[in-house]
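Build the full structure now, drawing on both the sequences and the hints.
Respectively, the protein sequence lines represent chains A and B.
Using the working numbering, read the first sequence as starting at 1 and increasing by one per residue.
Using the working numbering, read the second sequence as starting at 372 and increasing by one per residue.
Honestly, the hints are just simulated from the structure, not real lab data.
The beta-carbon is built from N, C-alpha and C at its ideal position, and this holds for glycine as well.
Worth double-checking, as some hints may not be accurate.
Simulated DEER-style distance windows between Cβ atoms [said to hold, decoys possible]:
1. A:ARG321 <-> B:ALA815: 32 to 40 Å
2. A:PRO53 <-> B:THR643: 56 to 64 Å
3. A:ALA31 <-> B:SER801: 55 to 63 Å
4. B:SER741 <-> A:ASP88: 39 to 47 Å
5. A:GLY279 <-> B:ALA815: 52 to 60 Å
6. B:ARG824 <-> A:ASP119: 49 to 57 Å
7. A:ASP119 <-> B:ARG830: 52 to 60 Å
8. B:ALA815 <-> A:PRO369: 20 to 28 Å
9. A:HIS240 <-> B:ALA815: 50 to 58 Å
10. B:ALA735 <-> A:GLY351: 43 to 51 Å
11. B:GLU673 <-> A:ALA49: 53 to 61 Å
12. A:VAL298 <-> B:SER761: 42 to 50 Å
13. B:THR643 <-> A:VAL27: 45 to 53 Å
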Amino acid sequence: MSEPRACPDCLRRSRLLAHLAPYIERVATGAPGSRSPELLRLSNEDLLAAVAPKVAVQMLAQVEAVPERRLRADLRAAGCWACCRHDDGYPPGLRDAADAPWALIGRGEPALLERLEPDRAVTVVGARRASAYGRGIARELGRELAAAGLVVVSGLAFGIDGCAHRGALEGGTTVAVLGCGADVAYPASHRSLWRRVCEGGLVLSELPPGTGAWRWAFPARNRIMAAMAGMTVVVEAARHSGSLITADLAADLGRDLGAVPGPVTARTSAGANDLLAGGACLVRDAQDVLDAMLGPGVRRPERTGSALEPELVAVLAAVERGEASCDAVAAALDLSGAEAATALATLEALGYLTCSPIGVYSRTLLMEPGV
Amino acid sequence: MLATAQTFTLDGISARPVRVEVDVHRGLPAFSVVGLPDAAVREARERVRAAIVNCGFEFPLRRIVVNLAPASLRKAGPGLDLAIAVALMMASDQLDLDPLAPLALVGELALDGSVRPVPGVLAIAEAARERGVERLVVPAENGAEAALVADVEPLCLDSLAQVAGLAAGDWSPPRPRPMSLLAAPRSGPDLADLRGQRHLRHALEVAAAGGHSLLMVGPPGAGKSLAASRLPSILPALAPSEALEVARIASACGRLGAQGPQGRPFRSPHHTISPAGLVGGGNPPGPGEATLAHRGVLFLDELCEFRRDSLEALRTPLESGWVSVARAGSWRRLPCRFMLVAAANPCPCGRGEDDPECTCAPFAAQRYQSRLSGALADRIDLLAAIRQPSAAEIAGPPGEPSAAVRERVTAARERAERRLGPGRCNADMSPAELRGSALADGAASLLADSYSRHRLSARAHDRALRLARTVADLAGEETIGREQMAQALQLRRRDAS
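This is the structure in structure tokens:
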């Protein structure tokens, strides 16, 4: 595929947004109900009139005056490239959205843009302050959906987003949509994850390189994530959380909406449970997502492990019953500490179990053969 | 008239020679002590004066100057009292100890002239032997300790009044019997008290066999402290040279009782401890908890609550077995080869995220656990996830007693020593030695598999290999088998992802 190429007008729009960032911050917040997606629907002149009428003329002139050469040099210097809505490579999903970004600045493999069709991409979002349950599910979903050939889209945030990316990188490829410049690793502690996504996937943003993180930019990037994928899956979200913005935007666009159920007592899952009550697709594992997107039974993810000896089957069953530690397994099955340790490590090596840093085992979605 | 006497002052955990010079001459009655004395030494004047008078000797009403040489060395503690008093009596012609030379004296005086015990007599006796001193006058209560050092004859005094008889040769003090260092461990806490908890028992056994540091994570009251305090009872008995090291440190810190050391030390400092308290400090530098735990167990309960700088201070000592404490003007190198055992709750409320009763916010638990991976974590080899034992387990039969476990541990350690050399254990194997360990095919493939699947770091890879070596030693195998490698992979402490 040829190098994506954005027209200068669209690049100037992106630059104008960066200049206007502090003004938009004044009128739009980062909370649900934020005005930022609707503001970004406006033309340059209307946007300026809405957020910065006093400096509108001056700022427009300033942006118009930037030569095309300079725009492209800035992109190259940041290691980025750009495509715009007039380019063939522009993700088709975004064309459906009235408020789609004019230009997308990307970092990573441009060829991936082609695969960003709505029926081949799925957005996974959720709480930043996620529980161990949510993080585990997000990682599994990310890995299996990516392994099934879908592109996993998420926002590189803490919690669910980060886990979905990590899982997807293990199984295939992933796209991160940022609320800051594509060359800015935000949050900073996700720098190494950002780098891995740049190498093994794609990082996209509608803002020019070097733009910092503004609160209004996050609801705005959520609209991109929602539009890009055929289905949005909410893994863990409290009521009134940012993930629900993405869900609403996806529903508005007529995209599929899925949610992973959480405990009815958990505040962190209340939003996701509400979505389910409101008719969202129930997502228990990757197959549910694949069924919804590709039709029932299509592309069952590869997840049958190798055959197990009877003792290991018993240990696996104990973990499934909720005996989560080596000690509990040993006590339940009357094994010695050494025997339980051997069995658990073997099951972990075979991929049937995962273990948290504090020694809590949980079952993966890998199935035993013949079950 | 001038007289001198030889004594020693304690410096860290070793003793330094001090020469007491007393000059008594005409002039206004005065008594001054020079030569960098600390407050306790300066106060010796009052004790010496009262003791001399109360024992029926005469305190000369003349100008008395006591010089403590070398003048540049700081003298600490009341152990110099006896030497000052004796030198003063010699300077005033009331006593002649020259026939007993070469002789040194240590001891604190009471006002009635009785001689009180002082700390560090073992180190002092060793320093005396190095200086060629043949007889060492010590307080009677320290006699058994001084007698541990051959070639130095301990002369035990109860009172300053006995010095006259000693000098005249018409009284000879009782010969003390050397304290027994290798006495069977006292009937202390036994591992049989740990009921159920098979995983924890396994982890304790592996930790003891390889000298590996251990982290226990579990809810409060599940038996973490109980298990840690039983760890010394399953460690192999101290070798004679090791027992002497332990006794020397205990003696210098004044914690060596009349019965001598009680097996391997077990120290559990409170989590508010400062870096100086943990690794040693002060001016002049004194030993900290790490040194007191030498050849034993240092237990850090509530690891996440410890000050970060305290834990950081422990890193190098853990690796090298020595701690270097430098203060303005002085520098000490103290031994601290201990086993580290730490305990932590899985989350701030202690129940663990998987418990429905856990009241912690999800992020709070994550943040709490991230503290586990900081600081000291990369020095910890083993992780034991502890669970609240069930009622049936608590009411069940007692566990295997310490003696049986100790036998297996001792055999494993002997096996490791044959391979690595005396006094060494698997925990301090070098990377080259690790790479040289024999691996069965199944074990090698399992390790390689986990290495790629879990993205192990090189350090984690070595950790698993080291633990596998210990598990194989416990099983009596020369080659690490698949099963032993699996156990090691299960027991290893995991890095936060």
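Hint check results:
About 33 Å separates the C-beta atoms of ARG321 (chain A) and ALA815 (chain B), a value consistent with the hinted range of 32 to 40 Å. Evaluation of the 56 to 64 Å hint for PRO53 (chain A) and THR643 (chain B) yields a pass: the beta carbon distance comes to about 59 Å. Evaluation of the 55 to 63 Å hint for ALA31 (chain A) and SER801 (chain B) yields a pass: the beta carbon distance comes to about 57 Å. Against the hinted window of 39 to 47 Å, the Cβ-Cβ separation of SER741 (chain B) and ASP88 (chain A) comes to about 46 Å, which satisfies the hint.
Between GLY279 (chain A) and ALA815 (chain B) the beta carbon distance is about 53 Å. The supplied range of 52 to 60 Å therefore holds. Under the hint 49 to 57 Å, the C-beta atoms of ARG824 (chain B) and ASP119 (chain A), about 32 Å apart, miss the expected range. A hinted range of 52 to 60 Å for the beta carbons of ASP119 (chain A) and ARG830 (chain B) is inconsistent with their spacing of about 44 Å. Between ALA815 (chain B) and PRO369 (chain A) the Cβ separation comes to about 26 Å, which falls inside the hinted range of 20 to 28 Å.
In this structure, HIS240 (chain A) and ALA815 (chain B) meet the distance hint of 50 to 58 Å, their C-beta atoms being roughly 53 Å apart. About 31 Å separates the C-beta atoms of ALA735 (chain B) and GLY351 (chain A), a value inconsistent with the hinted range of 43 to 51 Å. Taken as a hint, the range 53 to 61 Å holds for the pair GLU673 (chain B) and ALA49 (chain A), whose Cβ atoms sit roughly 60 Å apart. For the pair VAL298 (chain A) and SER761 (chain B), the supplied restraint of 42 to 50 Å holds, since their beta-carbon distance comes to about 46 Å.
About 50 Å separates the C-beta atoms of THR643 (chain B) and VAL27 (chain A), a value consistent with the hinted range of 45 to 53 Å.
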